[in-house]
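Below, each chain spelled out in residue letters.
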Amino acid sequence: MNPDAIRDKVAIVGMGCCQFGENWDKSPEDMIVEAAFEAYEDAGLDNPQQQIEAVFCGSVYPSKGTAEVADALKLFGRPVSLVQNYCATGTDAFRYGVFSIACGLYDTVLVVGFDKPKDRGVSGPSAVTTGVRGLPMTPAGWFSLCAAKYFETYGAGREDLAKIAVKNHHNGTLAPKSMIKKEITVDDVLKAPLISWPFGLYDCCAQSDGAAVAVLTKRELAKSFRDDYVLVKAVAIALAENPQSDPSFDFLRWKPTVHAAKQAYAQAGIGNPFKEIDIAQVHDCFTMTELLTYEDLGLCEKGSAKDHIANGTFELTGELPVNTDGGLKTFGHPTGATGVRMLYENYKQLQGKAEQRQVKNATIALSHNLGGAPQTCGLTIVGMP
Amino acid sequence: MVGITSHGAHIPMLRLPLSAIAGGGRKATGGSGEKAIANFDEDCVTMAVAAATNCLEGIDRAAVDGVLFASTSYAYKEKQAASIVAKALDLRRDVVTADLADSLRAGTTALRAGIDAVKAGSARNVLVIASDCRLAAPRSALERNIGDGAAAFLIGDSEVAAVVDHYHFIADEIIDVWRTDGQPFVRSWEDRFVVEHGYSDNVVEAVKGLLQKSGLGPKDFTKAVLYSPDARSYAGVARATGFDAKTQVQDPLFGKLGNTGCAFAPMLLVAALEEAKPGSRLLLANYGDGAEALAITVTEHAGKLRAKRGIQWHLDRRAELSDYDKYLNFRNLQPSEFDRRAGQGVSATVHFRDRDEDISFHGHKCRRCGTMQFPFQRVCFKCFAKDDFEQVRLSDKYGKVMSHTFDFFAGSPDPPLIVCIIEVDGGARVYMQMTDASPKEVKLELPVEFTFRKIHEYGGTPNYFWKCTPIR
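Going line by line, the protein sequences match chains A and B. Here the working numbering is used: position 89 in the first sequence is 89, and no number is missing along the way. For any residue, its number in the working numbering is found by taking its place in the second sequence, counting from 1, and adding 385.
Rather than coming from a laboratory, the hints here were simulated on the basis of the structure. If you're wondering where the values come from, they're calculated on a predicted model, not measured in any experiment. The beta-carbon is built from N, C-alpha and C at its ideal position, and this holds for glycine as well. A hint or two may mislead.
Here are the computed lysine to any residue pairs in the SDA-like style, where the Cα-Cα straight-line distance is at most 25 Å [as the list claims (entries may be wrong)]: (1) B/K464 x B/Q729; (2) B/K767 x A/P273; (3) A/K255 x B/K785; (4) A/K255 x B/T756; (5) A/K149 x B/V735; (6) A/K118 x A/K182; (7) B/K711 x A/L252; (8) A/K255 x B/Q719; (9) A/K262 x A/F274; (10) B/K462 x B/K828; (11) B/K767 x A/F274; (12) B/K771 x A/P273; (13) A/K255 x B/F766; (14) B/K782 x A/Q351; (15) B/K462 x B/T756; (16) B/K785 x A/A192; (17) A/K353 x A/F274; (18) A/K149 x B/T684; (19) A/K255 x A/P273; (20) B/K828 x A/A192.
Here are a few chain B residues that face chain A, going by a calculated C-beta distance under 7 Å [what the hints assert, rightly or not]: (21) D810; (22) G811; (23) Y816.
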């Protein structure tokens with residue numbers, strides 16, 4: 001990998017995000033149009049039909065695929081691709097958009113992340129069964145598999161996880177486009193019904209519908225769109241062994257994050273992530289995922305997450321605010337949209353447009369997704385010029 | 386000499402107190418005691434595999450030449466059970482398999498067929514298994530009487546522990562207990578008619594025929610092992626044939642086990658063999674569409690089988706399920722938001738490709754670096770060697786819990802579903818469910834063994850895989 005191939009070559013000049021929620025009365029088309037036209041307006045794209053040269057979409061449950069986006073936005077006569085990479089789907093679509101500009105093929109492209117899981121008729125992620133050996137199994141069941149060993153090794157417990165849920169619920173009350181705006185207490189979290197130990201209801205993110213869109217252009221053109229553009233520092237994806245069959249897994253970390261962080265920090269030139277990163281949006285599909293991510297990203301020492309949680313390190317007022325908009329916890333997780341929604345928050349924060357949840361002097365922001373068994377991690381690092 | 390060289394049994398861990406059956410506007414007439422009930426993931430096939438595994442402990446499985454499987458409650462009308470059992474037991478591919486079905490007498494008939502095969506020289510070792518999980522209408526008298534269980538015998542010609550010296554068989558036509566195609570519940574005619582003209586007449590005739598044929602009298606037998614439809618009727622048969630019901634008859638285990646259908650007489654025989662002294666003689670009488678009586682002599686090899694998991698071991702291993710609604714749900718007799726049998730079912734081609742992993746529970750061992758892995762891989766996890774593996778049977782190994790969760794969301798009829806990652810002795814990691822366990826006993830490093838179970842019922846068929854269970 002050439003670590004310099006991406007850094008500072010591509011700019012985000014416009015972003016949009018539809019209202020996330022149980023959008024019973026909205027189609028994927030409605031959400032895509034809502035997010036894309038906000039992004040057009042934000043970028044000052046007065047003629048998207050001429051200016052957008054390619055479209056990179058991310059969706060895990062598309063009903064039609066690429067045509068869903070092309071039809072909605074009437075973007076024909078140009079490439080439209082659809083990427084899937086579990087929960088890192090939106091981030092991976094963004095990554096291909098960045099590549100397409102960095103290689104010099106296009107000047108300006110659109111990245112569209114969307115999903116509409118609430119049209120499936122199930123509340124929450126469904127239990128899935130595949131194959132003959134297939135267990136009735138749930139994402140909560142997969143992501144809880146580090147808990148027993150981690151708790152025993154480092155003395156953390158459900159109370160530490162609960163504080164993450166409380167933090168994200170608070171942040172979500174300050175984000176206009178979040179689905180859940182409700183303060184909760186540690187007691188609420190601990191007393192909620194168990195979904196999959198150690199996760200109770202409030203340890204799990206909600207299921208929601210959403211779409212988010214980014215307009216990317218090459219750095220040389222960024223100024224023609226706006227002064228406060230945001231530069232892409234790193235885009236990374238890493239797969240790791242399936243933790244369910246990996247013969248040597250230690251159940252103390254999620255390896256995809258560890259692998260992807262190495263790539264991303266090399267690209268962005270980051271040596272001390274805790275000092276150099278100002279804010280992070282991380283994959284809080286479950287509270288434990290956020291806890292492990294603190295450590296797996298090297299934001300704190302392995303085993304020390306619970307101390308940082310207690311000290312408020314990752315709260316909005318802390319040294320390194322994480323999930324400043326309330327994360328998956330309050331936005332829900334329309335899989336393809338989530339990565340792009342995280343970029344939307346980082347973009348707004350870096351521009352100083354995050355209103356009540358604004359973090360002061362943030363110039364470098366990270367976003368993170370973890371998906372599958374989990375086996376895949378997507379990371380982006382963006383910053384001000 | 387040909388006879389029983391090994392035996393094993395399986396009684397499901399769960400017990401339904403008979404008092405729990407009362408309710409729904411009915412009076413409590415169940416009396417005291419309990420009955421053994423299959424867990425929601427057990428059926429006659431899984432119980433057969435468990436009993437046979439106990440029977441084959443310490444025995445080279447490659448030596449088994451045949452499997453005879455007896456049951457009245459097998460899920461399929463067309464598709465053999467014995468071949469599933471043989472695959473789960475990881476027996477040779479050229480094993481002879483047959484199902485004996487449709488009669489409560491099928492278990493002892495299979496026993497005779499196995500002995501005949503070895504005597505005739507067409508096989509050296511035949512596994513005979515009887516297993517039943519019959520369904521009676523909820524809160525019926527029959528429901529209180531029946532239980533679930535299995536027994537297995539290995540028939541061979543060396544180090545024989547019990548020899549059948551004499552047989553007498555009766556075939557009879559009577560509409561006493563029956564179940565037609567598509568009906569879930571066993572039905573029966575009025576019980577006094579069934580006991581008098583079905584059970585008693587036939588069994589007494591068979592026993593008397595045996596005594597006459599063999600020249601033996603009741604006093605020549607240490608014990609009579611008598612099938613009984615209920616907790617009382619066997620006493621009449623004992624009286625009519627000259628046996629002392631109080632001292633000479635094997636405890637039929639009503640109040641503990643229940644009538645386990647075609648596995649009942651075979652299970653009582655295992656219980657009798659567990660206690661029998663060398664040289665003692667047993668009378669075994671079974672009933673169903675006629676009757677059969679066997680005179681069995683116990684040899685000096687019987688004693689060494691006592692260490693196996695038999696009837697007494699299983700009776701001592703119990704857990705109560707007193708929630709009758711949950712029991713009905715286990716049997717798919719309770720309307721539910723989530724139908725466990727819904728859906729398209731498994732792909733037959735995927736099943737076909739994965740049989741060695743899913744049914745025989747084989748893992749891969751890398752020939753280059755020795756790393757054990759599950760499921761099968763083309764490229765080694767550790768040294769990345771391609772296609773250089775040997776298959777290793779994992780089902781008879783032990784393992785330990787590496788990680789676990791309790792999933793309340795996974796649609797189990799007995800939430801929470803205990804889901805674990807198990808490290809099998811030797812190294813493979815398997816993501817699997819734990820069964821016959823309470824979340825309270827689950828912890829890291831907990832030692833487990835493996836048990837063949839229904840993993841789900843999608844598509845309305847029993848779909849089998851292995852689960853783990855704490856070693857007891």
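Hints, one by one, checked against the model:
1. B/K464 x B/Q729: Answer holds: B/K464 to B/Q729 is near 19 Å, not above 25 Å.
2. B/K767 x A/P273: 30 Å, violated
3. A/K255 x B/K785: OK: A/K255 and B/K785 at ~22 Å, within 25 Å.
4. A/K255 x B/T756: Given that 25 Å is the threshold and the Cα spacing comes to 20 Å, the pair holds.
5. A/K149 x B/V735: 33 Å, violated
6. A/K118 x A/K182: 21 Å, holds
7. B/K711 x A/L252: 37 Å, violated
8. A/K255 x B/Q719: 43 Å, violated
9. A/K262 x A/F274: 14 Å, holds
10. B/K462 x B/K828: At roughly 41 Å apart (the allowed maximum being 25 Å), B/K828 and B/K462 break the hint.
11. B/K767 x A/F274: 33 Å, violated
12. B/K771 x A/P273: Given pair B/K771, A/P273 is violated - Cα atoms ~38 Å apart, limit 25 Å.
13. A/K255 x B/F766: Distance of about 15 Å is within 25 Å: holds.
14. B/K782 x A/Q351: Violated, at about 60 Å.
15. B/K462 x B/T756: Between B/K462 and B/T756 the Cα gap is close to 42 Å, so the pair fails against 25 Å, i.e. violated.
16. B/K785 x A/A192: At roughly 30 Å apart (the allowed maximum being 25 Å), A/A192 and B/K785 break the hint.
17. A/K353 x A/F274: 23 Å, holds
18. A/K149 x B/T684: 52 Å, violated
19. A/K255 x A/P273: Distance of about 17 Å is within 25 Å: holds.
20. B/K828 x A/A192: OK: B/K828 and A/A192 at ~23 Å, within 25 Å.
21. D810: 13 Å, violated
22. G811: Nearest chain A Cβ about 10 Å off; hint violated.
23. Y816: 4 Å, holds
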